Amino acid sequence: MTYSSDVPDARGHFGTYGGRFVPEALVAALDELTAAYEKCRHDQAFQAELAGLHASYTGRPSPVTDARRFAEHAGGARVLLKREDLNHTGSHKINNVLGQALLTRDMGKTRVIAETGAGQHGVATATAAALLGLECVVYMGAEDTRRQALNVARMRLLGAEVVAVEAGSQTLKDAINEAMRDWVTNVDRTHYILGTVTGPHPFPAMVRDFQRIIGDEAKQQVLELTGGLPDAVVACVGGGSNAMGIFTAFLDDPGVRLYGFEAGGEGVDSGRHAARMAGGSPGVLHGTRTYVLQDEMGQTLPSHSISAGLDYPGVGPQHAYLHDTGRATYAPITDTEAMDAFALLCRTEGIIPAIESAHALAGAMKVGRELGPDVTLLVNLSGRGDKDVDTAAKWFDVVSDEELVQSATAVVEQDPQDASGEGW
Amino acid sequence: MTTPVSRLDDTLAAARAENRAVLVGYLPAGYPSVQGGIDAMVAMVRGGVDVVEIGLPYSDPLMDGPVIQRAVEAALQRGTTTDDVLTTVRGVAATGAPTLVMTYWNPIERYGVRRFADAMVEAGGAGLITPDLTPDEAGTEPSDWLGASDATGLGRVFLVAPSSTEDRIRWTAEQCRGFIYAASTMGVTGTRTSVSDAAGTLVRRVRAVSDRPVCVGLGVSNGDQAAEVAAFADGVIVGSAFVRAVLDAASPEEGLVAVEKLAADLADGVRRGR
Numbered sequence: 020m021t022y023s024s025d026v027p028d029a030r031g032h033f034g035t036y037g038g039r040f041v042p043e044a045l046v047a048a049l050d051e052l053t054a055a056y057e058k059c060r061h062d063q064a065f066q067a068e069l070a071g072l073h074a075s076y077t078g079r080p081s082p083v084t085d086a087r088r089f090a091e092h093a094g095g096a097r098v099l100l101k102r103e104d105l106n107h108t109g110s111h112k113i114n115n116v117l118g119q120a121l122l123t124r125d126m127g128k129t130r131v132i133a134e135t136g137a138g139q140h141g142v143a144t145a146t147a148a149a150l151l152g153l154e155c156v157v158y159m160g161a162e163d164t165r166r167q168a169l170n171v172a173r174m175r176l177l178g179a180e181v182v183a184v185e186a187g188s189q190t191l192k193d194a195i196n197e198a199m200r201d202w203v204t205n206v207d208r209t210h211y212i213l214g215t216v217t218g219p220h221p222f223p224a225m226v227r228d229f230q231r232i233i234g235d236e237a238k239q240q241v242l243e244l245t246g247g248l249p250d251a252v253v254a255c256v257g258g259g260s261n262a263m264g265i266f267t268a269f270l271d272d273p274g275v276r277l278y279g280f281e282a283g284g285e286g287v288d289s290g291r292h293a294a295r296m297a298g299g300s301p302g303v304l305h306g307t308r309t310y311v312l313q314d315e316m317g318q319t320l321p322s323h324s325i326s327a328g329l330d331y332p333g334v335g336p337q338h339a340y341l342h343d344t345g346r347a348t349y350a351p352i353t354d355t356e357a358m359d360a361f362a363l364l365c366r367t368e369g370i371i372p373a374i375e376s377a378h379a380l381a382g383a384m385k386v387g388r389e390l391g392p393d394v395t396l397l398v399n400l401s402g403r404g405d406k407d408v409d410t411a412a413k414w415f416d417v418v419s420d421e422e423l424v425q426s427a428t429a430v431v432e433q434d435p436q437d438a439s440g441e442g443w
Numbered sequence: 000m001t002t003p004v005s006r007l008d009d010t011l012a013a014a015r016a017e018n019r020a021v022l023v024g025y026l027p028a029g030y031p032s033v034q035g036g037i038d039a040m041v042a043m044v045r046g047g048v049d050v051v052e053i054g055l056p057y058s059d060p061l062m063d064g065p066v067i068q069r070a071v072e073a074a075l076q077r078g079t080t081t082d083d084v085l086t087t088v089r090g091v092a093a094t095g096a097p098t099l100v101m102t103y104w105n106p107i108e109r110y111g112v113r114r115f116a117d118a119m120v121e122a123g124g125a126g127l128i129t130p131d132l133t134p135d136e137a138g139t140e141p142s143d144w145l146g147a148s149d150a151t152g153l154g155r156v157f158l159v160a161p162s163s164t165e166d167r168i169r170w171t172a173e174q175c176r177g178f179i180y181a182a183s184t185m186g187v188t189g190t191r192t193s194v195s196d197a198a199g200t201l202v203r204r205v206r207a208v209s210d211r212p213v214c215v216g217l218g219v220s221n222g223d224q225a226a227e228v229a230a231f232a233d234g235v236i237v238g239s240a241f242v243r244a245v246l247d248a249a250s251p252e253e254g255l256v257a258v259e260k261l262a263a264d265l266a267d268g269v270r271r272g273r
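One line per chain: the protein sequences are A and B, in this order.
Just so we're aligned, residue 20 is where the first sequence starts under this note's numbering, counting upward by one.
Just so we're aligned, residue 0 is where the second sequence starts under this note's numbering, counting upward by one.
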């Protein structure tokens, strides 16, 4: 395949990747969505409304932080962090959700559904639904509802119904299956707000375009700070929306290297990872052709990562295309490497990153050491780590098991009225 | 010329000559075991099913409701392989009933589209039903199912839905060999208490643009519903009700009895529809 930044084609193909592998019953809805999306791209009123929400609701533009103390550990390269962690709801997910929520309203639909793994996309969707007065149902693997109980509570506080999916492996991929089943049944009045750059056309292109604001802003910010383009752009890749969001502005700048870091889990050789490029193969999953973790029969294999947001056996089709054409480089980061980078950013910059984003930080440390002290790295800090404090506390043993039990017991035994210390 | 799909064409033509609809029965391969699955499908044929649809178990069956999901998960946990599916095709085709495989796309691509097509022909299969492969993606490598089915003479059954536009119905119908699968309700597989009016409307819409046979699926579970659908369709497809008969049985032997009995009830239904 020869590389082009002008993808996908009219049928959603990125080279041999992408497309639409869906039940016929969904084709009409996908065509309707494609038409609505094409229209909104050139609709000034829509774009102005979205820009208004970005500015007054999300808090955009998100700043760029020069991470000088962290950079000492990245071969002395200059490390600029794009601070998507400072967005309302705590990650880049809100950028896409606001765009799709406005489209939902414009298509005359009154109900949105979403899948979520760690809960970030679910929380963002519940937030936008509350803002626009839409009914909201979020599908979440039963296993994930247990791991991320706090985000389940957040979504419910925001008025969403959270459905725990008991089927299959009870994780993100099964939540997507269940959301698809809901969509095909209720498509008349329901829009499926897919959270990442995968799924059937037009989702990979549409979500990318709603996220490209990250790179568009960052390119300008880096130019102002340094007078030039970054030498490399670094992001973590689960489904791949934050990475496509920051890559897109640089696709036509051949001097800018693009690096995507996948979850290497316990190591690609262990079989417990989510490294689709290194450990997967081309296949069809969730409506699109892309790299998939699968066995020799084409059955989807379970993925593993310490970060729920990267724990997915597929990846956006444009990433598969960027990988095969060599425009971007993908490599795995293990749980341990990510957690080391997580700790380092906490201690050197006073920023607690999401564990997902810590994969990008660990990758940046490697890239910086490889490219040397004269380069500038732009790293997408896609989310904040509040949701990961429990995981990190256990990983680093900063809280003893006894303290954890005591604290959990105290919460359970406390009268809810006294929980805040204020009486309500 | 005799091709793999002709046996299916002949069965549909014979039923039409008798002024009745065909009965199509679905069960997944490998449930409760590979041989148990074959036995259940043979029991289906003994009870009066005309055409057998064998499900290829897949890890992410996003068109299927809870009943089929349960059986498919069990089949996968037992380690059912694509070759086991082909073994099942061979066992069922030996009854003389036209035998189709219903499969999500990825396992076929993984096996090799042409390799699978050749193996189907060798096993005596009549064709494939592809719920997540529409003709849009079926004509280009590496998913060139149109090419592989043309080359081997296998049937290819695509789905139409109430939400399909007239243009898409016409185009999809043109690409079908064997019959057109009218997925009558918007939703996933599973039994329903009543057959929706949407089925009749959808069949009328297909008939307006194509003279190929139309079979209706999604929701039929008993003889009365089968009769209702048989009044206007060329075939009645029953899946979840058969799967439930196997799932609910206290033993595999009782499952076979239940499947044969259900097939007989449904076969009676398709014969009194008109």
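In case anyone wonders, no lab produced these hints; they're calculated from the structure.
Computed from a predicted model, the values in this text were never measured in an experiment.
Virtual Cβ for every residue (Gly too), placed ideally from N, Cα, C.
Any given hint might turn out to be false.
As the list claims (entries may be wrong) - Derived Cβ-Cβ restraints for the label pairs, each shown as a range:
1. B:GLN34 with A:GLY290: 26 to 34 Å
2. A:THR204 with B:ASP223: 52 to 60 Å
3. B:ARG113 with A:ALA29: 45 to 53 Å
4. B:THR192 with A:THR129: 22 to 30 Å
5. B:GLU140 with A:VAL417: 48 to 56 Å
Hints, one by one, checked against the model:
Hint check: GLN34 of chain B to GLY290 of chain A, Cβ distance near 31 Å, so the stated range 26 to 34 Å holds. Between THR204 of chain A and ASP223 of chain B, the C-beta spacing of about 24 Å breaks the proposed range 52 to 60 Å. Judged by the Cβ atoms, the range 45 to 53 Å given for ARG113 of chain B and ALA29 of chain A is violated: they are separated by roughly 28 Å. At roughly 27 Å, the beta-carbon separation of THR192 of chain B and THR129 of chain A lies within the given 22 to 30 Å, and the hint holds.
A beta carbon spacing of about 53 Å between GLU140 of chain B and VAL417 of chain A agrees with the range 48 to 56 Å that was offered as a hint.
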